[in-house]
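Student: Sequence:
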Amino acid sequence: SGGGEGTAAAAGAWTTHPAAVGTSAAACLAAVLSLWKTALTDPGIIPPNPSPDRPPPPPDSRPAGGRIPMGGPLGYRYCQTCNIYRPPRSKHCN
Numbered sequence: 001s002g003g004g005e006g007t008a009a010a011a012g013a014w015t016t017h018p019a020a021v022g023t024s025a026a027a028c029l030a031a032v033l034s035l036w037k038t039a040l041t042d043p044g045i046i047p048p049n050p051s052p053d054r055p056p057p058p059p060d061s062r063p064a065g066g067r068i069p070m071g072g073p074l075g076y077r078y079c080q081t082c083n084i085y086r087p088p089r090s091k092h093c094n
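When you line the sequence shown up against this note's numbering, it's residues 1 to 94, in that order.
Hints may contain errors.
[What the hints assert, rightly or not] Simulated restraints, written as ranges between beta carbons of each label pair:
hint : residue 1 : residue 2 : range
1    : I68       : C28       : 50 to 56 Å
2    : Q80       : D60       : 19 to 25 Å
3    : S34       : R77       : 28 to 34 Å
4    : S24       : R54       : 51 to 57 Å
5    : T81       : D60       : 18 to 24 Å
6    : R77       : P52       : 17 to 23 Å
7    : A31       : G65       : 37 to 43 Å
8    : K91       : V32       : 25 to 31 Å
9    : P52       : A31       : 43 to 49 Å
10   : D60       : V32       : 29 to 35 Å
11   : L35       : G75       : 28 to 34 Å
12   : S51       : L74       : 34 to 40 Å
13   : P18       : R77       : 48 to 54 Å
Hints in this document: simulated from the structure, not taken from any laboratory. In this text, a Cβ means the ideal position worked out from N, Cα and C, and glycines have one as well.
Model the full structure from these sequences, guided by the hints.
Tutor: Right under this line is the structure:
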């Protein structure tokens, strides 16, 4: 019969090819480095707006002609403590 030997040899050839091994090692290294860079990077802050007047909606929001909605879980929300529109999915003072 002997039909399985050729298939096994062909399968082993691409898994041990230097280009496949090098590409896999480079992708793994890039993933680990990205993970550590993300874990060690400061996310920054959104500074409060000291003005007593409510700021205009962000330029990419729907009221200003953009595509991001106002309110809801995926939209801008107004923060009365900081007097700013919080970006989607952001968390701070409230």
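Student: So, for every hint listed, does it hold in this structure?
Tutor: Against the structure, the hints:
no., hint, result
1, I68 x C28: 50 to 56 Å, "35 Å, violated"
2, Q80 x D60: 19 to 25 Å, "22 Å, holds"
3, S34 x R77: 28 to 34 Å, "30 Å, holds"
4, S24 x R54: 51 to 57 Å, "53 Å, holds"
5, T81 x D60: 18 to 24 Å, "23 Å, holds"
6, R77 x P52: 17 to 23 Å, "19 Å, holds"
7, A31 x G65: 37 to 43 Å, "38 Å, holds"
8, K91 x V32: 25 to 31 Å, "27 Å, holds"
9, P52 x A31: 43 to 49 Å, "47 Å, holds"
10, D60 x V32: 29 to 35 Å, "34 Å, holds"
11, L35 x G75: 28 to 34 Å, "29 Å, holds"
12, S51 x L74: 34 to 40 Å, "27 Å, violated"
13, P18 x R77: 48 to 54 Å, "52 Å, holds"
The earlier numbered hints that this structure contradicts are 1, 12.
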